[in-house]
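Student: Residues per chain are reported as follows:
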Amino acid sequence: MEKHLFLAGHTACYGCGEALGARLVVDAAGPNIITTDATGCLEVFSSRWPQSAWAVPFVHSLFENSAAVASGVEAALKALGRQVEAKVIAQGGDGGTADIGLQCLSGMFERGHDILYVCYDNEAYMNTGVQRSGLTPYGSNTCTSPSGKVSWGNRYLKKDMPAIAAAHGVPYIATASVAYPKDVQAKVKKALSITGPKYIQVHVPCPLGWKSDPALTIKVAKLAVETGLYPIYEMENGVVTKVRKIPRPAKPVTEYLKLQGRFAHLFKKGGGEGEVKKIQQIADENIKKYGLLSEAAAKVAVEAEKE
Amino acid sequence: MARTFTEGSKAVAETVKLCRPNVIAAYPITPQTHISEELAQMVANGELKAEYVTVESEFAAASVVLGASATGARTYTATSSQGLLLMTEVLFNISGMRLPVVMTCANRAISAPINIWNDQQDSISVRDAGWVQLYAEDIQEASDLHLQAFRIAEHPEVLLPVMVCMDGFILTHAYEPVYLIEQKEADAFLPPYQPQYYLTPKNPITFGAMMGPESYMEARCQLDRALCGSARTVEEVAKEFKKRFGRFQGTLVDTYCIEGAEIVLVAMGSVISTIKEAIDLLRKEGVKVGLLKVRCFRPFPREAINKALVGVKEVLVMDRAFSPGSGGVLATEIRAALQDVKKAPEVKGHIAGLGGREISVETIINIVKDRKSVGREDRFVDLKEALLS
Numbered sequence: 188m189e190k191h192l193f194l195a196g197h198t199a200c201y202g203c204g205e206a207l208g209a210r211l212v213v214d215a216a217g218p219n220i221i222t223t224d225a226t227g228c229l230e231v232f233s234s235r236w237p238q239s240a241w242a243v244p245f246v247h248s249l250f251e252n253s254a255a256v257a258s259g260v261e262a263a264l265k266a267l268g269r270q271v272e273a274k275v276i277a278q279g280g281d282g283g284t285a286d287i288g289l290q291c292l293s294g295m296f297e298r299g300h301d302i303l304y305v306c307y308d309n310e311a312y313m314n315t316g317v318q319r320s321g322l323t324p325y326g327s328n329t330c331t332s333p334s335g336k337v338s339w340g341n342r343y344l345k346k347d348m349p350a351i352a353a354a355h356g357v358p359y360i361a362t363a364s365v366a367y368p369k370d371v372q373a374k375v376k377k378a379l380s381i382t383g384p385k386y387i388q389v390h391v392p393c394p395l396g397w398k399s400d401p402a403l404t405i406k407v408a409k410l411a412v413e414t415g416l417y418p419i420y421e422m423e424n425g426v427v428t429k430v431r432k433i434p435r436p437a438k439p440v441t442e443y444l445k446l447q448g449r450f451a452h453l454f455k456k457g458g459g460e461g462e463v464k465k466i467q468q469i470a471d472e473n474i475k476k477y478g479l480l481s482e483a484a485a486k487v488a489v490e491a492e493k494e
Numbered sequence: 092m093a094r095t096f097t098e099g100s101k102a103v104a105e106t107v108k109l110c111r112p113n114v115i116a117a118y119p120i121t122p123q124t125h126i127s128e129e130l131a132q133m134v135a136n137g138e139l140k141a142e143y144v145t146v147e148s149e150f151a152a153a154s155v156v157l158g159a160s161a162t163g164a165r166t167y168t169a170t171s172s173q174g175l176l177l178m179t180e181v182l183f184n185i186s187g188m189r190l191p192v193v194m195t196c197a198n199r200a201i202s203a204p205i206n207i208w209n210d211q212q213d214s215i216s217v218r219d220a221g222w223v224q225l226y227a228e229d230i231q232e233a234s235d236l237h238l239q240a241f242r243i244a245e246h247p248e249v250l251l252p253v254m255v256c257m258d259g260f261i262l263t264h265a266y267e268p269v270y271l272i273e274q275k276e277a278d279a280f281l282p283p284y285q286p287q288y289y290l291t292p293k294n295p296i297t298f299g300a301m302m303g304p305e306s307y308m309e310a311r312c313q314l315d316r317a318l319c320g321s322a323r324t325v326e327e328v329a330k331e332f333k334k335r336f337g338r339f340q341g342t343l344v345d346t347y348c349i350e351g352a353e354i355v356l357v358a359m360g361s362v363i364s365t366i367k368e369a370i371d372l373l374r375k376e377g378v379k380v381g382l383l384k385v386r387c388f389r390p391f392p393r394e395a396i397n398k399a400l401v402g403v404k405e406v407l408v409m410d411r412a413f414s415p416g417s418g419g420v421l422a423t424e425i426r427a428a429l430q431d432v433k434k435a436p437e438v439k440g441h442i443a444g445l446g447g448r449e450i451s452v453e454t455i456i457n458i459v460k461d462r463k464s465v466g467r468e469d470r471f472v473d474l475k476e477a478l479l480s
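Order-wise, the sequence lines are chains V and U. The first sequence lines up with residues 188 to 494 when you count with the numbering used here. The second sequence lines up with residues 92 to 480 when you count with the numbering used here.
You may find that some hints are simply not true.
As the list claims (entries may be wrong) - From the derived model, a few chain V residues whose C-beta atoms are all more than 12 angstroms from chain U:
#1 G217
#2 E230
#3 V246
What the hints assert, rightly or not - No more than 25 angstroms apart at the CA atoms, straight line, and that leaves these computed lysine to aspartate or glutamate pairs for DMTMM-like:
#4 K140/U x E272/V
#5 K140/U x D301/V
#6 K101/U x E273/U
Hints listed in this document are in silico derivations from the structure and should not be mistaken for laboratory results. Only a predicted model underlies this, so the values are computations on that prediction, with no experimental measurement involved. No residue lacks a Cβ here, since even glycine has one placed at the ideal position from N, Cα and C.
Taking the hints into account, I'd like the entire structure generated from these sequences.
Tutor: What follows is the structure, given as C-alpha cells:
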C-alpha cells in the first residue's frame, strides 16, 4: 500500500473531496512540514482524540485563526533557527478562509510570512450543516440561502479570493481541483519552492452538501472546470501565468448543475431557465476573462482524460 | 542591582527583555501600548533577539503566540480592555492546549461607555479562561512578576499561561524608583524554555484535537487540577525570588497590619498602596484595621484567604470590577471561601474606582468608618447622586 501522510481511518463521508484534497496536499509537501487547520469538517473528521489522521505535525486552534497560528509557527521557527526543519502549511475551508478567517489571512499575506495557505473550497459551511459562505456559488440552495416561492437560492456571486490574495502582493496564487490530482500536487510543490506567502484554492466537492452522488465526486469536480465555472489557473506576481485549457466547445453548465441537488430547484420550478442562463453567463465570463478555451480542443481533451 | 527612576511600562518591557522571549506579538491599545512600543524598539535596536509580529488585531496577537508557543518558542503578548475581550476565544484555547504564554494586561475599563481609564473589568471578565492571574501592587512588583510569570508558566507541572495584571495608567504610565535585574541574574533565575511537547517533524503530534462526551470532561478536569496545583509553584517561585533578589511582595496573598486586626480590607492591584496609607492613619486613631492583598486571583487562594481571616470580625472587600446583576466579583468569591470558616466574619463589598475614578486615602478611611451604616448588598462607592437621576 502507498504510504500517505494523511492517513486512512478518518471519519470523512464517502466521496469527500476535502479529505482527498488534504491527502494530496500533505503527500505532495512531504514529511518536513508543520500544518495548521481551521475548525471545520477537516479538523473534525481527522483529529478526534485519541486518534489522528495526521502523520505530520498538526495544530488546530479555532475557526478564524489558521493563518495567524501559522504566522506564529513560522515566526517561532525563524526565532529558534529551525527554518530548515519544516515548511508551514495553513489550511482552512471556504468559510474559515474567505469569511471569518479573512482578517487573519490578510495579516499573514501582508506581513509576508513564508507560509502556504490552502483553502479547501467546498462552497458552503458543511460542518455545521450546509449554510452559505462567501464562496457559495450563485443559485446554490443552502440552509441559509434556501430556494422557496420567492427565492432561487444564493443571490450573491462567489468572492474572488485569488484576486484578494493578489491585491496583497502574494507572489504565488493558484486554483486547483481534486479532479486533477497531479496538478494539485505540482502546484503545492511549486508553491513550497517559493519564499513568502502563497495561496492555493482547491475545489473539493462535498456530496452531502451538494447533494451529489459520492461516486461522482471526480466527475462533478471535472465538470465544474470544463464548464468554465471553476477556472484553474496560476498567478505569479500578480499576473495570470498559466491556465488549464478546457475542451472546445465548453460544456453547458446544465451538465454540471443537473448532477447536484443544490441546483435542483432551478430545473423543477417554472422560471428557472433565467437563473440557469445567469449561471451560464458566469461561466462564459470566466472563459473570456481567463482565456479558458483551447485552440486545439480535441488534443487537450484527450490529455485531460488521461489524468 | 541598579535602582532607576522609570516608567511602569518601561520597567515591564525591560524585564520582559531579560526573559529572552523568542516571539512577541501585540496590537496597539491604550494603556498597554508603551510596553509593546518599548519592546519593538529593543528589537529594532538589536538589543532583543526576537521575532516581533505586528499583527492586525489582538485576536491575531493571541493566535500568533499560540502558534509560536506550540512550536516551542517562549512567547509574550500584552493588551488591555477591548483587546483582551477580542482575545477571549484564543485565551481559552491557549490554556486548553496547556501553552505557557505570558501576557501583561494593563487593566482598563470596558466599553460602553467607552473609557480608556483604569479598572479591572477586563481581566476579571476572563477569569474563567484558565489562566493564572497575578495582580501587581506597584511598578516594582509588576516588573518582578514578569520574571516570575515565565517560571510559573513553564514549570513542567503547570504548563499554563500567566496573565500579569497591572492597573492601567496608575502603574503603566507612572514613574517610580525601580530595581532592575541584571541579565546574568535573570538567566540564572529563568533558564531557557525546554518544551516537552511541540510541533516538529521529528515527532509529529496533533495539537487541538477534538474530544467528545467520552473524554472532554476529563481534559477540563485536568486543566482545573493543573491550575489549582499551580498555586504551589506561584508560592515557591515568589520565595525563590525573595532569596535571590531580596524582594518579596507576597505569595498567593500578602498581609499588612493583620495581627490583631478586627477589620480587614481585601483588595487587588495598585489600590493596595493607597489602603496601606489609610491603614497607617487609622491605626494611629486606634482602629484595629489590617489588609489582605490578593496577589494571585487564579488559582483562587481559598485556604490562604481563610487562614488570614481567622478571628477577624469584619471584612471589607474592594472591587474594581463587578458582575452586573450580582455584585463585586472578589467580594463574592471571598464570601464563598469563608463558607469553610467557623464564625466567619461578615463581608461587605465595595465597588470603587471604575473607569479611572480615583480611590483616595479618604475614600478608604470613609469605607472603614461608614461600615456600620451600609447594608449587606455590595455598594458603589462615592457615587454622584446628581448623575443618577
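Student: May I ask which of the numbered hints given earlier this structure violates, with the numbers listed in increasing order?
Tutor: Violated hints (numbers, rising): 1, 2, 3; every other hint is consistent with the structure.
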